[in-house]
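A.B. asks: Sequence:
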Amino acid sequence: MTWLAAYISDSEATNRSFAQLGFAPGFAAAGIFPAGSYEDDAKVAKATAGLEIAKLIQNWAEKKRHNMENSRIFLSHKGANKPLIEKIDRALRLLNLKTWFDRDDLVAGDTLVRGVDNAFAGCAATVFFISGEYVDAGVIGKEIDRALHEAAMRGGEFRIIPLVLAQHGGSDDRVPAPFKTLVWKTVDDAEIVPTILKALPATVQGQVRYAAPK
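For the sequence shown, the working numbering gives the first residue as 273, with consecutive numbering after it.
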């Protein structure tokens with residue numbers, strides 16, 4: 273018996289679902305059925321299968337889109353370390369990763385605190401660059417609190433990555449008290465990017481690829 277793919281055009285509703293996802297007409301996704309005519313019950317089952325597959329793919333597409341839209345990496349640092357963090361930011365962007373980096377990413381008119389709150393909503397991880405100047409106070413204190421809140425609410429979908437910068441006065445006693453229950457890494461400058469990549473959520477790691485400078 274010859275087996276042929278059942279086309280979504282057999283069902284108008286299924287066809288609309290796939291059209292919304294950008295699939296071309298005739299996309300074979302409703303399942304595999306033997307060629308030939310069908311009784312009414314079989315036609316209903318075939319159409320139902322097509323709708324279920326359309327829903328599964330639509331849910332998958334929506335989740336993927338959500339992950340892409342909420343996959344930025346927040347870079348928390350002291351101003352004294354900005355030249356170093358700018359290099360890290362460029363390296364991450366060359367790997368096709370999106371970052372939230374300081375005031376450059378604020379929307380005009382936002383307060384700094386509100387801008388930080390909005391930024392965390394679109395981030396999947398926060399890297400805390402702990403140097404000799406790093407203190408749990410002011411804006412950094414708010415960033416720490418917000419990161420802990422996101423981690424509590426989102427679980428494994430959000431990562432806190434504390435890095436102690438060995439070449440910039442960072443030390444274990446500089447690690448903020450709220451992070452003492454977490455694993456932190458003491459790194460030289462050359463180890464920063466590889467350490468970040470290893471610690472990112474899987475959904476963000478899957479986006480890593482070389483992106484040529486624009």
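A hint or two may mislead.
[What the hints assert, rightly or not] Derived Cβ-Cβ restraints for the label pairs, each shown as a range:
| no. | residue 1 | residue 2 | range |
| --- | --- | --- | --- |
| 1 | Gly394 | Asp444 | 29 to 35 angstroms |
| 2 | Thr320 | Asp389 | 41 to 47 angstroms |
| 3 | Asp444 | Pro355 | 33 to 39 angstroms |
| 4 | Thr320 | Asn390 | 18 to 24 angstroms |
Since the hints were derived computationally from the structure, they do not count as laboratory data.
None of the values given here were measured: they were computed from a predicted structure.
Glycine is no exception: its CB is placed at the ideal position from the N, C-alpha and C atoms.
A.B. asks: Next, verify each hint and record whether it holds.
C.D. replies: A quick look at each hint next to the structure:
Taking the beta carbon of each, Gly394 and Asp444 are about 31 angstroms apart, inside 29 to 35 angstroms as hinted. Taking 41 to 47 angstroms as the suggested C-beta distance range, the pair Thr320 and Asp389 conforms, at roughly 44 angstroms. Evaluation of the 33 to 39 angstroms hint for Asp444 and Pro355 yields a failure: the beta carbon distance comes to about 24 angstroms. A beta carbon spacing of about 42 angstroms between Thr320 and Asn390 contradicts the range 18 to 24 angstroms that was offered as a hint.
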